[in-house]
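These protein sequences, in sequence, are chains A and B.
Count along the first sequence from 1, then add 718; that gives the number in the working numbering.
Count along the second sequence from 1, then add 718; that gives the number in the working numbering.
Worth double-checking, as some hints may not be accurate.
No copy labels: a pair is met if it fits in one copy or bridges any two.
[Said to hold, decoys possible] With a straight-line cut-off of 20 Å between C-alpha atoms, the simulated EDC-like cross-links for lysine to aspartate or glutamate are: (1) K769 x D735; (2) K773 x E997; (3) K1110 x D964; (4) K720 x D999; (5) K832 x D765; (6) K802 x E959; (7) K832 x E766; (8) K769 x E938; (9) K970 x D1058.
Since the hints were made in silico from the structure, they are not lab data.
Fair warning: this is a prediction, and the values are worked out from it, not measured in the lab.
Protein chains: 2
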Amino acid sequence: MKNSKLVIGLMSGTSLDGVDAALVEISGFGSQAIVNFKHFTSNPFPDEIRKILLKVSSGEPVSSGIISNLNVLLGQIFSQAVLKLCSECHLTVNQIDLIGSHGQTIFHQSEPRKLWGHTVASSLQIGEAAILVEQTGVTVVSDFRPRDLAAGGTGAPLIPYVDFVLFRDPILGRVLLNLGGIANLTILPPKCQSNQIRAFDTGPGNMLIDDLTRHFSQGEKQFDAQGQQASSGKIIVPVLENLLSDPFFKKKPPKSAGREQFGQCYTKRILAMAELAQEKDIICTATELTVRTIADAIFTNSDNTFELNQLIVSGGGVHNTYLIQRLKNLLPHLEIMTTDDFKIPSDAKEAIGFAILANETFEINANNVPSATGATHPVVLGKISYGQNYRKLRGFN
Amino acid sequence: MKNSKLVIGLMSGTSLDGVDAALVEISGFGSQAIVNFKHFTSNPFPDEIRKILLKVSSGEPVSSGIISNLNVLLGQIFSQAVLKLCSECHLTVNQIDLIGSHGQTIFHQSEPRKLWGHTVASSLQIGEAAILVEQTGVTVVSDFRPRDLAAGGTGAPLIPYVDFVLFRDPILGRVLLNLGGIANLTILPPKCQSNQIRAFDTGPGNMLIDDLTRHFSQGEKQFDAQGQQASSGKIIVPVLENLLSDPFFKKKPPKSAGREQFGQCYTKRILAMAELAQEKDIICTATELTVRTIADAIFTNSDNTFELNQLIVSGGGVHNTYLIQRLKNLLPHLEIMTTDDFKIPSDAKEAIGFAILANETFEINANNVPSATGATHPVVLGKISYGQNYRKLRGFN
């Protein structure tokens, strides 16, 4: 068996932008894994594919044939992404050892519901792995989420295990903070085992700040660049206190947040509460809500059994200088860094993640995080489709 | 590693009756496999599940959520079938080594079509393997057909490989004949390798005889019991000659037939052609068409490089004594037997088949038959989901 593997991760998110592909070199697995990021490439979907995917994933009724054909068609698009990535890296595809493909989520319902006399929660990712195997020859791991759901979990988040592989340190305690629309944390005590990972959504990340900025600028600005608005404003204390009293922030993990909670209705609520206030003060207050709920979550989920030393930030919010400064102020004991400081580009992290998860699956190592998903036990995620390289990869004759 | 495996095969057909489960003991694989049939059980679908499956597979538009939830729900029903089979055999589920699950086909389009700028053929089976793994703990192979389609095949038939494993003989040349609605053959020269298998549909099996019987009895009789009608009738030669001139019968394999070709429109055509004839003569002629096309196909696909010795029949047509007698008359050099003579119950054959195909996949042995499906090359079908027993099964530490 080879000492290290070249693994490609494929991710196409719910934003339906396209498929991201990342190449990493991995040796070992679990807490012993060493991961070197090599290359990342983004492949936008053609418009007509994005449209039909939007239709299907928004729940519009379609025939089973549409879903079946889309499954194969996305398999073809994913294969093209693999071949493009290889060509950009001056590799031939037969130098690749393994592919981890998340697939395109067209449905996700993590709360079990009664259905024809059965209790069902489900998540459906499409992008046929058999097409990837045929067009690349490489062994593929696909379909990660259903296994966690089958074990009673919500099938998400899966990235905390990736954080564990990439950032667990023998000496330092680390917190990973992803500042997307929603903010989420992965807390990694020093020398932690996978069952000591804590990971959950803290609440709004950039979502609220972005929505307010768009509202005040009549859609001209998409986000508060460098936090300029926020930094020139003042916190409206009664509004902040009111928002902080939301029971979600006190809830113990596992917990997840979404647009249904902190989206436009939430923005409207805040605008109503702060009717006479200045725009910059409202944005400042929203920024403070993000910062405070993150800082509080870090405090609440730390205990005196371990020390935390670093906060490693990724996602669009990294560029909000004011927000990051406020985090520094509230968390003076933490060194604030970004995933880029560890040579993991923020954009590439999820695609890298599915390369890492595929490697764990291949090594038959449980790779969900039950404390984050609510699963009743650890499981090996995904399904394996044998490539032409499978025997060699396993070290079989 | 164990010398033999206990493998369960699960099959739910397009008739939407329910899920069939068969238990076999297998040692070895490929031409060296030894398969012992142990038990078979049929599990009808609840009415409401059959109804929704019928809706989905007939192409009625539904939301992606319905398909996603049905995928999980069928996973639960398949798991119940496994547990029931084990209990009927007085086995605990952790004595089972492997499960092969065909899944429920909700779409199958083997002819490639242009779709949003891509050329797509696809087949979609549902019945989530992750649920089977969670509820049984056993390693599962699922999703067999897409890999053959990805290799340019039609994703069907898959049973010829099973015929090869079960009936290939070092000395005898054998023909497997399945007399379902459509008749299909698998020709196994003595000592053949998997690339020497010939398998294809010959044309109507019972479909035409059954349709005519239903027509003449105003739906009272479903089939010509023991071929009584046919045996009392005479062949209408011009009608038979006309039917035999259909180019399908001359077409070289791979070829497949279906209800769209030999269904009710075909029946109507024959009724029009034989307007003034007696009912029993028309049924006799239809029976002769089935028999002649089978016999002709066996002649056309034999050559003097090997001898054929036995014709092994399965499917409902086994009970049509007259039809079997006519086969004997036309193929006097063949000993006519049934799969039951080999302790393979005809009803259980498909479910047994997916146990055998799963065993081949686990052993990383190609298990499609390119000459039958039209695939450009042999492939290992299916996807593996690891059960708790996977390491032990592989002989890993």
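Quiz prompt | Contradicted hints - numbers only | solution = The structure conflicts with hints 2, 3, 4, 6, 8 and 9, although it agrees with all the remaining ones.
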